[in-house]
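K.L.:
Spelled out from the first residue to the last, the chains are:
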Amino acid sequence: MTWENSLPLLIVLTSLVPGVVIFFLKESTVGVRTTLNMFGAVAKLVLIAVMINGLLNETTYETRLPFLPGIDFVLRADTLSILFCILSAVLWLVTTIYAIGYLEHSPNRSRFFGFFSLCVSSTMGIALAGNLMTFLIFYELLTICTYPLVVHKGDEKALRGGRTYLIYTLVGGGALLLAVIWMYAIAGPIEFRDGGAIDAIVEGARGPLTVIYFLFIAAFGVKSAIVPLHGWLPRAMVAPAPVSALLHAVAVVKAGAFGIVRVTYDLFGIDVANDLGVLTPLMIATSLTIIVGSVLAIFQDDIKKRLAYSTVSQVSYIALGVALFGPLGSIGGIMHLVHQGVMKITLFFGAGSFDETLGVTKISQMDGIGRRMPLTMAAFTVGALGMIGVPPTAGFITKWFLGTGAIEANSHWVIGVLILSSLLNAGYFLPILYRAWFKPQKGDWPSEHDFGGRFETFWMLLLPPVVTGVFSILLGLFANLPVGLLYWVRLIVLREYEL
Amino acid sequence: MPQDLAFWLPVVIAVPLMAAVLAFLLPRAAFPISLGAALITSGLVCWAALAAVNAGPATHTVGGWSAPLGIDLVLDGLSGLLLVLTAIIGLAITVYAHGYFQPGDDLVKQHQYNFFWPLWMFLWASLNALFLSADVFNLYVTLELLGFSAVALTALAGKPTVLKAAMRYLMVSLSGSLFYLMGVVFLYAQFGTLDIRLLSAASAETPTLLASAALITTGLIMKSALFPLHFWLPPAHANAAAPVSALLSALVVKGSLYIVLRLWLEVFYPLADTVAPQVLSVLGVGAVLWGSLQAMQQPRLKLLIAYSTVAQLGYMFLLMPILLKNRDDSTALAATMSFVFAHAVAKAAAFLSAGSILHALKDDRLTALSGLMKKMPVTTAAFAMAGISLIALPPSAGFLAKYQMLQSALTNGYWGLVFVVIGGGLLAAVYIMRVLGPAFKKVEPYGAESTSKAVHVPLVMSIPTLALALLAIVISFMGVYLLELLAVGTPWVLKGGL
Amino acid sequence: MNDSAALYAVAGVILFGMGIYALVAYPHLLRKILGMNVMGIGVFAVFVALAYRGPDQPPDPVPHALVITGIVVAVCATGLGLTLATRLKALTGVAQLTPDQED
Amino acid sequence: MPDFYDDDARLTRPRIVALALSAALVALLSLIILTAPGDLERLNLVARERLTESGVANPVTAVLLNFRGYDTLLEVAVLLLAVIGIWSMARYARVWIKVPDTPVLAAFVRLVLPLMVLVSGYLLWLGADAPGGAFQGGAVLGGMGILWIAAAVWLPDFQFQRFARVMLVLGLIAFVGASTLLLALEGSFMEYPAGEAKNWILVIESAAMISIGMTLMMLFVGGIPRLNEGTV
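Protein chains in written order, with the numbering used here: chain A, 1 to 499; chain B, 500 to 997; chain C, 998 to 1100; chain D, 1101 to 1332.
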């Protein structure tokens, strides 16, 4: 195996190997565990940097192993996968720091961090998967590795939440399996390709292909929580905050959204999808999800639940961008893959810190929290404003591209959806901000925890949200840097549309 | 030393057979003898499989009398795959059993330990003999050897329940063999030979062939516990000692299954267009559904795993119509055999973990298993990996197999089977989660008695369990090698496995 | 099939059927074991009937040899079955397959 | 087992169903077996043609010990396995006897025993040319052992089982050992050197006969013989 050929596999292994090793470590060996985690995360980032550089020079990075006759196990780096990789790698690093702080002194940490690393490995695999089979393997592996994280608390409620999660995702997995096999049966051993891989067989198989597309959407819709397949998401909120953060920003929900992007662009091809007429139903479903998710969010008092419904709504922006047939919409959708991740993780970090530091889990308890934990709340505010789409946050960029994309695609009603959703977003986020910053504190905090030190909370709980909060602004301010996100996403979209 | 592959075929049978004799004669040295035989046999089998991939199938003419007068031993892909499977699982169980039956000062346990070895070596020898035989009557004798050793091993646990189970098992096994033998008699009456290849060449759709196929298939599916003839399996597999349960579920039922496949492929193929293959497939569907539903209701872990075997055995018959429709196209056979391989490895791992749990907690009721992840992390992890393979989630051996099954069913237009296979996986998820769900429960510091006094599981038990469980995952990346082996000369008549 | 051989063959098939009936219909283990013996004898009878080559020729030796093997196996099976039945009787008091209770 | 007689033979509904099914099976199989070709030569001719090469004159023995000797090897294995299985199930077999009221039986047995040994040896020897052989001889030996026990002339005790073990495995060891040796010598499992088949067969048969006799006796005992130690 040459260096170029082993690089994608190495990227997966940089978290897989530490993950497996961590399982065998004693609870008390915090140092070794942290070192392993950090080493893996940094190594992963370095490898990704190497790959970005190579990709700009048109190098191909591909690991290929025989799996079954005609079907290989393929990990391949392309512009889209790198985008997802770097998002996952960076947020993994931050979340690991956060999780170490969050879980200090709690039991079963080896198990937790082991599965945590496996989760990230699966996400990397999903990102790099070069064909459907490889994608399927990692997609299901992700389901398996997240279950122990969801039920980590081990009480009745956690087990119930985990059960719901499994039922949804396994049924979704069954649909995905069917779609994959059917696709292989019709199209033979195809692999993902920029611009789509099935042009040759579209005629004569329009019916089955349409059904397969909807099977894919249904399967991915479960993980990306498209209404009405979103039922597991609020119930999986029993997981510890770092897990929720990872689930919503990087791993599960994002894997579903990424699947929609991948399958639409690189399997069917956007033109074929448009030709089959499957984009409009997707557009309607996602628009519906955006509205319904937001409306449901308004009625939640539990912070994490409100954030969960917000995720339901926000993740659908990605699929909406895909469904808007046109380059601008696509740019918006794909960018939101990153933006939503960074902003949502900030919000979850914040929510976790409130809980861990003050015992605050409900919005009604948040009065005056801005004065007690100003830095955390500031980060939270940035995330919330981003979700609403206030400039200069990253969220504004997304909505801008989606809006112009809608005009480009002549789907003007989508603009209405965007505006309505922004209003709703404001409707469920602004009251939080008002309470936190402007209302006086109501009595004692539910259970205040003194971490000592100079900061408002333990530094490992503070640093991650601040960092991601800053990112949320930087992504908005500097979207148009020469080698920035927008540049990269334009590169992707140019290839997908074969422009 | 002759490098000829054919030369070594009888050695694969003779080594465990002699080990059985010696283990009986010298009880004190039984374990070293058996371990030595296990290592030699496994090594030889794996070498033979590799040699077969490179050099093609091999035939050993026993006594120098070739068929029709004598008996031939034939190694091809189908038998090679099962021999390798037996070797892998056999080796793991040999090590595990040394820990599990460790007698200490207990006389009864000492007795069990002493007799396990010769019986197990007999069982291994009979499996190897069965897979290699090319003669229908010789297969009968190997079937009986297999059945007797399996029954005796089942009864080894000694409790009344297990004796009853063993008795039921003996009767099913014996009457199954007699059905089989009657079928052989019919074959001899019609074709005047007992050699499978000669039968294959002469085979034609006659009433006798039909009767023979009916008798033989009935007899063998009784032994393989295909629904609705599975009634004897759960009590036997659930109540036997754990290493024995693993052997029974992973290997013994596969012996008779192998003969079904072999004979339908080689001899009964003129009946491919009759309703018979469809019937087997429908029974398979019944097994998947019924077995899974039963597994969802069992109060004890080992019973649950045993019913899972009933369900999983169903899959092995699902593709019979496709498998026989076009014998040239081996995808259905490949799918079925991948499934056999996957199930054997995963089920052995599952039963061995159940054995470790029983060994540690003295209790395998599901209610006693909450918080298992904390108490016995290695064993739980092993069970989880086995469970993943049984559900057929990727990456696992079970997934590899079910993927091929789905592909085969879909390309041949059997949509019903597609839904059965996917639905069966979901049902399996439900019963596996009955175990793994509570395993993640937080253990109260002073809580439930049963989980708070877990004892240490010795390494001789946990290592083979974990090894098999890991294998159940790793095999998913070895699919091409398995299929390469399977492609060696099966079926004999068409691909020249002479 | 030759006439006199046919008589033995049909007799064998009838024994086979009788054995199956006894095995299924009677709860007592001894009867079941005997039933299986009768089944076996039926199979052997059919096989031996096949060996008959008419009055002028010596019989086919192959079925004879196979039947000897079969008989030995049947004896062993009976021995195993009887031992199991005896053990069961000693432990449970009845030589029948009563439904299991959890023990 | 007195409850054996308690089984009533009334035709309940399930039994009628079973009876009907068995009868249907019998009818079908009978009809079909009658269609089998009657004039088919099967293996008859081949076996007889090559009889001279087998080293024995009795075709059944030729099939059993030479042409299909491998079957017989496995069958000897079945015999040993049966005893091991029984011993594994019944740790203590109290040899059940009812000492006969009269001394006549014991005296008769003592008289007849040497004769039986002689007969078994003769049957073994005869097997090469006429009906007879290891199984027949072994059956006589086994019968001798059973008579011995039944007449309470001599009862196997725990010491005896050590001796029994050796006798039990003799046949299989001879069979597998000889076959493996022949594999090394001739290149094929159990391939007798040309012209020497008879001697090889005789050695194997002798060992097998002893094991068969001992096996039958142990099947009768029904467990590890352990006089006056515990119960079944």
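Treat the hints loosely; a few may be bogus.
[Stated by the list, open to error] Covered stretches of chain D (chain B as the covering partner; in silico rule of three or more C-beta atoms under 8 Å from a C-beta of chain B):
{"id": "1", "stretch": "1143–1150"}
{"id": "2", "stretch": "1164–1173"}
{"id": "3", "stretch": "1234–1245"}
{"id": "4", "stretch": "1298–1312"}
Simulated from the structure, these hints should not be mistaken for lab results.
For every residue, glycine included, the Cβ atom is placed at its ideal position computed from N, Cα and C.
K.L.:
All the hints need checking, so say for each whether the structure fits it.
P.N.:
Verification of the supplied hints:
| no. | hint | result |
| --- | --- | --- |
| 1 | 1143–1150 | holds (count 4) |
| 2 | 1164–1173 | holds (count 6) |
| 3 | 1234–1245 | violated (count 0) |
| 4 | 1298–1312 | violated (count 0) |
Checked against the numbered hints given earlier, this structure breaks hints 3, 4; the rest are met.
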